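Numbering (this note's numbering), first residue to last: 5 to 499.
Hint data in this document are derived by calculation from the structure and do not stem from the laboratory. A portion of the hints provided could be inaccurate.
Said to hold, decoys possible - In the DSS-like style, the derived pairs of lysine-lysine whose C-alpha atoms are separated by at most 25 Å in a straight line are:
no.	residue 1	residue 2
1	Lys-67	Lys-233
2	Lys-154	Lys-475
3	Lys-391	Lys-253
4	Lys-420	Lys-475
5	Lys-242	Lys-154
Unchecked claim - Label pairs and their in silico Cβ distance ranges:
no.	residue 1	residue 2	range
6	Arg-430	Thr-278	45 to 55 Å
7	Lys-229	Trp-34	43 to 53 Å
8	Met-155	Arg-430	42 to 52 Å
9	Lys-438	Phe-41	42 to 52 Å
10	Trp-167	Glu-414	38 to 48 Å
11	Ile-123	Leu-152	23 to 33 Å
Computed from a prediction, not measured in an experiment: that's the story for all the values here. We treat Cβ as the ideally placed atom computed from N, Cα and C, and that holds for glycine.
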Amino acid sequence: MPNKWKRIIISFAGIYVELVIAAIATWVWWYTPGRPFINNLALCIMTLCSVSTFVFNANPLMKFDGYYMLADWLEIPNLRDRANRYLGNQFKEQALGMEVQPEPYMALNRRLLFVLYAIVSYIYRWVITFSIIYTLSNFLKPYKLGTLSKMLAIAALASMLGWPMYRMLKNFKQRGRLPDMKRGRVMVTASIAFVITLAIFLLPLPISRVRDKGLVQLSSASSEKLFVKHAKGAILKKVLVENGEYVEKGRLLAVFHSEELESQRATAESEKVTQRLQANNLRNEARKATSQQDRNRYDQWTAEAKQGAERADATEKHFAEQIDQLNIRAPRSGTVMGLPRKEEIGKYWEDTQSRPVCEVGDPMRLKVIVPVAPYDYELLRRNLEDKTELPVSIRIPGADWHVYHGRLRELPNGDKKDVPQQLTFRGGGSLAVKPGSNPNSFEPQSQVYLVEVEIDDPDRRIQPGVLPIVKIHCQWRSVAWWAWRAIHISFDMNM
5 MPNKWKRIII
15 SFAGIYVELV
25 IAAIATWVWW
35 YTPGRPFINN
45 LALCIMTLCS
55 VSTFVFNANP
65 LMKFDGYYML
75 ADWLEIPNLR
85 DRANRYLGNQ
95 FKEQALGMEV
105 QPEPYMALNR
115 RLLFVLYAIV
125 SYIYRWVITF
135 SIIYTLSNFL
145 KPYKLGTLSK
155 MLAIAALASM
165 LGWPMYRMLK
175 NFKQRGRLPD
185 MKRGRVMVTA
195 SIAFVITLAI
205 FLLPLPISRV
215 RDKGLVQLSS
225 ASSEKLFVKH
235 AKGAILKKVL
245 VENGEYVEKG
255 RLLAVFHSEE
265 LESQRATAES
275 EKVTQRLQAN
285 NLRNEARKAT
295 SQQDRNRYDQ
305 WTAEAKQGAE
315 RADATEKHFA
325 EQIDQLNIRA
335 PRSGTVMGLP
345 RKEEIGKYWE
355 DTQSRPVCEV
365 GDPMRLKVIV
375 PVAPYDYELL
385 RRNLEDKTEL
395 PVSIRIPGAD
405 WHVYHGRLRE
415 LPNGDKKDVP
425 QQLTFRGGGS
435 LAVKPGSNPN
445 SFEPQSQVYL
455 VEVEIDDPDR
465 RIQPGVLPIV
475 KIHCQWRSVA
485 WWAWRAIHIS
495 FDMNM
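Input sequences plus hints: build the corresponding full structure.
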C-alpha cells in the first residue's frame, strides 16, 4: 500500500484486538469473584493481552508489530538491518580507519536515529534475554535446576557477544581487509580495549554480595518463645490474638486441651471424693462403736482415708495446674508473632517440646534470617576474617523505595536441618524441602545455612513474619572475579 498510515493501521490491528480482548477479560474478572476458575482464567487473559502486548508486541525494539509501525512511520524499510549496518560501518571507519562504501546522503537527525536505534535495540535484546533467564533461574532454583539456567546464560553470552566478534575477525581475514586499517586508529582502539579489559580484571566494583529472600523475626535477646508444657498431643482450641498485635504481660494468647490430663484430673477428683466419703462413713461408725478397741480401729481407718483424700487432692491440684499451664499467656509485654494458622485450630499440636506456639518480644529489635548456600557461606566466612561485620541492605515488600540497613557479625557453626516454613517454596521463600513423616518439619533438599542479620533502623512498617529481599555486601571485586565465580558455581567446581 502506498499510504503509510494504512500500513500503520493494519500493523496496529493486532494490538487493538488484543486490547479489546483484555478489556472484555477485565470485565469478566471483575464480576466473577465467586467462580475461581473463570476468575483466574480471565485474569491471565487480561494480563497476557495487556502487559505482554505493550512489552513485546508494541515495542519497536523487537521485530513485531511495533517495529513495523515505526519503520512505516519513518518510511525506512529494514530499519534494524540498515541501522546495524550503518553502526558497523561507522565503527570500521572511525575506530579502524577502513574505507567503507559511502552511505547515501542522510540528514544529521537521521544518522543519529540510526546509531541510537542500533545501540538501544542491541541493549534491549540483552536485557530481555537475561531477564527471561533470570526469571527461569528463580523458577528452577527450588528444584535444584538452577545450573541449567546458568548454562543457558553462558550460551546466550557466547551467541550475542562471542559469535559476532568471531564473524567480524573472520570476515577481516578472509577479505584481506587487515592492510586497509590505519595503524594510528587501530592503536587507539586497541588501547581503549586494553584499558577496558584491564578494568574488567582489576577495577573493584560492588558486585560481590549474597542476595536472597529472608524472614523477619524478633531478636533473640529481646523475645521469648512460648511452648506447650506437660502435654503430648495437646489439642489447640482457641487463638485469641493476631500476629503483630501488641499484648500486655499475662494476657491469654491461646488455649490448649489435653484429654489425657483431663482424664487424670477427673480420676484424681473421683478418688478424692471417694476417700472423703469413706472417711465420713468410718467416722460415723467410730461413734457407733461400743468398745474402745473398735473405736481405735475405725479411727485408724479414718486417718488412712483422710490421707488418701489428701493425696488425691494434691494429685488433682497437680493435674489442674498442668491443665492451666496449657493456656499460653504472654510472659512479657510486646508484639506476638508466629501464631498457629487458622486451619490448625482443633488439631493435635505435635512436638510440644520443640515447636513453639508463638513468640513475644520487642517489635523495635528485629533480625532477619537469611538462607545461605555453602558457596555463599564460604564467601561470607572469608570476608568476616578481614572485617568484624558486613553491611546489609534490606528491602521490605510494599516499601521497596526505602532501604533499611543491617549488619552481619557472625555465622552459624553448622548447616540447618529444619527451616521455618516461610522460607520454603510453599511459604513464599526460595527453599525446596524434602517430604517427611512430620508435616511440621521442613528439611531443605540441599545444604543450607541460616545466618542472622541485625536490623539497625527498624520501624513500624517492618512486621515480624514478612519476607524481605536481603543483600549482604562483601568486599569489592572485579567483573572477571564475578564471572569466574559464576562459572565455578554453575558447573559445581571446587571453590
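Exercise for the section: Mind listing which of the numbered hints don't hold for this structure, in increasing order? Expected result: 1, 3, 5, 8 and 9
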